[in-house]
Amino acid sequence: MNNTMFAAVAETAQAPLIVRSIARPVPGKGQVLIKVHAAAINPLDTKIAAGGGAHARQPLPAVLGIDLAGTVVERGEGVDDFAPGDEVFGMAGGIGGAQGALAEYIAVDARLIAPKPRSLSMREAAALPLAFITAWEGLVDRANVRAGQQVLIHGGAGGVGQMAVQIAKARGAEVYATGSASSLDFIRELGASAIDYRTQDTDSYVRQYTDGEGFDIVYDTVGGPTLDASFNAAKTYTGHVLSCLGWGQHSLAPLSFRGASYSGVFTLMPLLTGKGREHHGQILREAAALIEAGALRIKIDQTRFGLGEVNEAFAQVAEGRGKGKTVVEIGAE
1 MNNTMFAAVA ETAQAPLIVR SIARPVPGKG QVLIKVHAAA INPLDTKIAA
51 GGGAHARQPL PAVLGIDLAG TVVERGEGVD DFAPGDEVFG MAGGIGGAQG
101 ALAEYIAVDA RLIAPKPRSL SMREAAALPL AFITAWEGLV DRANVRAGQQ
151 VLIHGGAGGV GQMAVQIAKA RGAEVYATGS ASSLDFIREL GASAIDYRTQ
201 DTDSYVRQYT DGEGFDIVYD TVGGPTLDAS FNAAKTYTGH VLSCLGWGQH
251 SLAPLSFRGA SYSGVFTLMP LLTGKGREHH GQILREAAAL IEAGALRIKI
301 DQTRFGLGEV NEAFAQVAEG RGKGKTVVEI GAE
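Anchor point for the sequence shown: position 318 equals 318 in the UniProt record's numbering, and the numbering is continuous, going up by one each time.
Calculated from the structure, these hints are not laboratory results.
Nothing here was measured: the structure is a model prediction, and the numbers come from that model.
A few of these clues could be false.
Okay, the calculated beta carbon distance ranges per label pair [said to hold, decoys possible]:
#1 Gly-331 / Ala-15: 17 to 27 Å
#2 Ala-293 / Asn-3: 34 to 44 Å
#3 Ala-83 / Glu-189: 54 to 64 Å
#4 Arg-321 / Gln-282: 33 to 43 Å
#5 Tyr-237 / Gln-14: 40 to 50 Å
#6 Thr-4 / Gly-276: 11 to 21 Å
#7 Arg-57 / Thr-238: 31 to 41 Å
#8 Gly-259 / Thr-4: 55 to 65 Å
#9 Ile-18 / Gly-52: 12 to 22 Å
Ideal placement from N, C-alpha and C gives every residue a C-beta, glycine not left out.
Sequences and hints are given; from them, build the entire structure.
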C-alpha cells in the first residue's frame, strides 16, 4: 500500500481547503486504519475552517471532517472487534488535533466506531454519527426519554433535531417539534406534531399541547434565545431541559422557579479527553438497530461532492443551502 494519500487540508483560517498528498497514517495500539468512502460535513467543520470552533481544539493546518463511513483495511495491536473488510461508521476525528475524515485513509480509535448498518449506503451512514450521538446523549443518557412523556424538540428538521424526534418516537414518547414553515411537513413525516416558531409563541403552544403544564423534556438544538424559551416550556418540578448549544449567558430563573432541571450535552468530550469512548461505539450500535428496525432514517442532500469539490460542500453547509446532510464521497462504494 502506498505510504501517501490525498486529503483536504485547511492550511489557514478563512481560506479554501487544499487537496494535496500527505503521509498515510499507520494504526497504533487500539486503532484501525479505515479507507474512507464518505465523510459528512457538519457546521462545526465549517466553523473550524473559518477560524472559529475553539471548543473543538483543532489547530490549523489540519485535515477536517468528524463523521465518516468506510472499510477497515488494517488493525493495530489489541483490536479484536474489527477485521479488514468490515464496513464501519463513526464520529472519530477532525478535532483535538486528530486527523479528520476528509482523506483517503484515517486511523481511528476502534472504540469510537461501529459496524455500518447493511441497509445504508456509505453516504447515508456517514451522515449519522455526530447528529445521532448528540441526540441520544441528551434524550436517553441525560433524560431517559420514555413512553408517557411529552417531548419538545427545538429545531426538529435540523441534523440533531431529526434524530431526536425519531429517538423519542421510537422510545414511545409523544413528540412535538419546532421549525420554520418550510420544514413543517418534514417534521410531520418524522412523526412529530409540528410547531411554527415564527407564528406561535412559547406560552401559546405550551397551553395548546400541555394544558399549560409544560413539557416533560425540552431539547434545544438551536441555542441562544431558543434555550431561554425552553426554560419557559418545561414542566413544573419534573421538567428537564437539554441543550447541545447552551454556551451563552442565560438566566436560570425561569427554570428555577419551576423547580425543573437542566443538562448540557457536549458530544465532543470523549474525543477530546479519551474518556467514555466505548459509549460512542455503543450508541452507534443503537443507531444501527433502529435503522434495521425501520425506526430511523437520515435525510441527505442529493448533491454529489467528491474530494475535489470539498470547498463547494463546505460553502453549502456554511450557507445553510443543503436539503439534508451534506456528504463528500472519497472512495468507491
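Evaluated hints:
no.: 1; hint: Gly-331 / Ala-15: 17 to 27 Å; verdict: 26 Å, holds
no.: 2; hint: Ala-293 / Asn-3: 34 to 44 Å; verdict: 42 Å, holds
no.: 3; hint: Ala-83 / Glu-189: 54 to 64 Å; verdict: 38 Å, violated
no.: 4; hint: Arg-321 / Gln-282: 33 to 43 Å; verdict: 34 Å, holds
no.: 5; hint: Tyr-237 / Gln-14: 40 to 50 Å; verdict: 48 Å, holds
no.: 6; hint: Thr-4 / Gly-276: 11 to 21 Å; verdict: 34 Å, violated
no.: 7; hint: Arg-57 / Thr-238: 31 to 41 Å; verdict: 36 Å, holds
no.: 8; hint: Gly-259 / Thr-4: 55 to 65 Å; verdict: 60 Å, holds
no.: 9; hint: Ile-18 / Gly-52: 12 to 22 Å; verdict: 19 Å, holds
In terms of the numbered hints stated before, the structure departs from hints 3, 6, listed from lowest to highest.
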